[in-house]
Amino acid sequence: MILGACMFRFSLSEIKIWRSVVDAISEIIDEANFVATPEGLSLRAMDPSHVAMVEVELPKSFFDEYECEENINIGVNLDEFRKILRRGSAKDKLSLEVTSDRKLKIIFSNKAERSFSIPLLDIAGEEIASPSLEFDVYGRLASEVFEDAIKDASLISDYVKISADGDVLKISASGERGDVEVKLSEASGSLIELNVKEPSSSTYSLNYLEDLVKASRASEILVLEFSTDMPLKLSFELPNEGRITYYLAPRVE
Amino acid sequence: MSSAEKLLWTNKYKPKSFDEIIGNKEAISQFRSWIEEFFNGTAKYKAALLWGPPGVGKTLTVEVASIVYKAELVQMNASDNRSYGDIERIAMAASKHFGFGSSRKIILVDEIDGILTSEDRGGLSALIKLIEVSKFPVVFTANDPWDPQFRQLRDMCLMIQFYGVRSTSIVGFLEKICRAEGISYDKEALKFIADRSEGDVRSAINDLQTCVAGKKTLKLDDVKWLGYRDRVTPAFDVLRGIFSSISCNAARRYTITSDLSYDELLQWLNENIPIQYGNVYELIDAYNALSKADVYLGRIKRSQDWSLLSYAMDLMTAGVSMAKREKYKFVKYSFPERIRLLQKSMSVREVMNEIALLIAKNCHVSSRTALSEYLPILKVIFTHNVNMAAGIASWLGFDDRMIDFLTNNPSISEEIKRLMKR
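Protein chains in written order, with my numbering: chain A, 1 to 253; chain B, 1 to 422.
Derived by calculation from the structure, the hints in this document are not laboratory data.
Bear in mind the structure is a predicted one, so any value in this text is a computation, not a measurement.
It is possible that some hints are incorrect.
With a straight-line cut-off of 27 Å between C-alpha atoms, the simulated BS3-like cross-links for lysine-lysine are [claimed, not checked]:
1. B:176 x B:14
2. B:176 x B:187
3. A:161 x B:135
4. B:96 x A:151
5. A:151 x A:170
6. B:135 x A:233
7. B:25 x B:215
8. B:12 x B:46
9. B:135 x B:224
10. A:105 x A:91
11. A:103 x A:161
12. B:96 x A:170
13. B:96 x A:214
14. B:44 x B:135
15. B:25 x B:176
16. A:233 x B:46
17. B:129 x B:46
18. B:96 x A:161
19. A:93 x A:83
20. B:70 x A:233
21. A:161 x A:183
22. B:129 x A:161
23. B:129 x B:96
24. B:215 x B:176
25. B:12 x B:25
Far from chain A, some chain B residues (derived; all Cβ distances over 10 Å) [said to hold, decoys possible]:
26. 212
27. 311
28. 379
In this text, a Cβ means the ideal position worked out from N, Cα and C, and glycines have one as well.
In isolation and in its complexed conformation, chain A is listed as follows:
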């Protein structure tokens, strides 16, 4: 193999969407290990406290161009990575390349071609299995609506109760500072879809949720799933079959 030869490469004309993916991951972890396969790019990571988990799936179709012949791990420090990505402007086309001498090349091309080259990291971390969970509640809503509800709750408390019964999804919090309740339903137009197999209710920490809803910048629609005392699953759909999924563990009462 030629030293410095390209082993993996993708390009995206919309730099904004890639930036929001990286931002979404960086809410959970400091160092990311992407796995590139011929089918696409993915990542699964857990925050150090094992309370939140993120899963990113970007199939080949998500990218404008995508070349990968064998599986390869792409480990990066997200802080550094984000700083470099911020140097790209909206008109730039973004390309990422991994070369055989274990360097990651980040290329912005517009009129000029600017390229950064950073060493890949060999990231320590156990392999995490995707949790196989069945949920009693399934809801689809505008991510903006959910973000507002979370912001409301965080004025009052450190944790929020999410419950669903019949055709109403309720997001509520109470504490020394008072009480807050946000009621969402298909009838009122605040939910696109709600399916409740069994009335459910669970409590989650707001300092994680506040970070996670920031990913709503990447997607307008959010799918929310949960069951009583089970993790909360938030999926954000990206264009061209890309997806970001978060899992958040429930609080012990």
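Given the coordinates of chain A, work out where chain B should sit on it, guided by the hints.
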């Protein structure tokens, strides 16, 4: 685990069940019954502190427990930052949430001895808070948890001691690795590695891997170049080492490997000589050596001539050790009362010194005079004449703490504080 770490034999041959762990059977069964009690809701302690020398299986026991009891393991290592904020963000957050797969969880904070030396002093109080708030079992490991600052933490934990693993057991484990790797070995070489590890299984495995270095054979000559390594030894082991040595050199060696300062060592020996030595002639000789060491330490303090320290150390170690006339016997050592008392009375001494400084400044005397001559009189005034006391207190600018100390009686203190407000 990074790809480099996967290649380490300590990871490759890491036990996955309790039976595979060599040594420390008693400690492991003690830990198992505690954690079973915890999951049944009958445990007396919310936390356990596994302590003992490095590389004997403390962390491993917890890791295996997480496999055997199907509990999620949330771990904070010595290499992580462990300020109050970090412990709150990781360990405390984990202790308040269920896991993803399993409803059980174990929270492990490794090598807590390091927390005292870190720059952020909040680490220790974060650990205490962690035990209080956690809904899951909390486990700490430490080499030496006997620093007085750990006292409160120790009282909250089930203390489980781990010992160095016997050399023959280590040889057996090394043989197993060699067979699995297809290495033909000289048993003497394995024995050399095991003896040299002084009960530290991890370092023995690492040494084996270093010495083999990709070859398929291991001879005694391949391992001879390994020297003896210095390791940090907890206070109890230093004492045991000094008392059991049969040569001056061996006794002296123990101070090189310990973190104890010379004056701490003096206190430890002072307290434990009568526990170790029963024979009156042994006592005479040991205390004779120790008192001479003390004389040297006094001279060092006055003259700042630190070259004398080696004489003091020799007297403390070799001198005390050579006092023995009977065979070494195993006894339980105790924590020096003097260090304990000083720790306890620290806040009182602080208040006294602050009062003395105020008197010294306002009355133009030395603070020593203030302590010895003014303070006793102030105490009498403060307990008998509240008006005069209030006057003095406002003149010298005493705070509530100082008034409470001088009166030693809450109702009189209140009266004085009330008068001062007028």
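Hints and how they fare:
1. B:176 x B:14: holds (12 Å)
2. B:176 x B:187: holds (12 Å)
3. A:161 x B:135: holds (19 Å)
4. B:96 x A:151: holds (22 Å)
5. A:151 x A:170: holds (14 Å)
6. B:135 x A:233: holds (23 Å)
7. B:25 x B:215: Violated, at roughly 34 Å.
8. B:12 x B:46: violated (32 Å)
9. B:135 x B:224: Violated: residue 135 of chain B and residue 224 of chain B sit about 50 Å apart, past 27 Å.
10. A:105 x A:91: Since the Cα atoms of residue 105 of chain A and residue 91 of chain A sit roughly 19 Å apart, the hinted pair holds (cutoff 27 Å).
11. A:103 x A:161: Violated, because 45 Å separates the two Cα atoms, which is more than 27 Å.
12. B:96 x A:170: Given pair residue 96 of chain B, residue 170 of chain A holds - Cα atoms ~23 Å apart, limit 27 Å.
13. B:96 x A:214: holds (23 Å)
14. B:44 x B:135: Distance ~14 Å between residue 44 of chain B and residue 135 of chain B Cα, so the pair holds.
15. B:25 x B:176: Distance of about 19 Å is within 27 Å: holds.
16. A:233 x B:46: Violated, because 31 Å separates the two Cα atoms, which is more than 27 Å.
17. B:129 x B:46: holds (12 Å)
18. B:96 x A:161: The hint holds at about 15 Å.
19. A:93 x A:83: holds (17 Å)
20. B:70 x A:233: holds (23 Å)
21. A:161 x A:183: The given pair, whose Cα atoms are some 12 Å apart, holds under the 27 Å limit.
22. B:129 x A:161: holds (25 Å)
23. B:129 x B:96: holds (12 Å)
24. B:215 x B:176: holds (17 Å)
25. B:12 x B:25: Cα-Cα ~22 Å, so holds.
26. 212: Non-interface label on residue 212 of chain B holds, nearest chain A Cβ at 24 Å vs cutoff 10 Å.
27. 311: The claim stands: residue 311 of chain B keeps its Cβ more than 10 Å from every Cβ of chain A (closest is about 49 Å).
28. 379: holds (44 Å)
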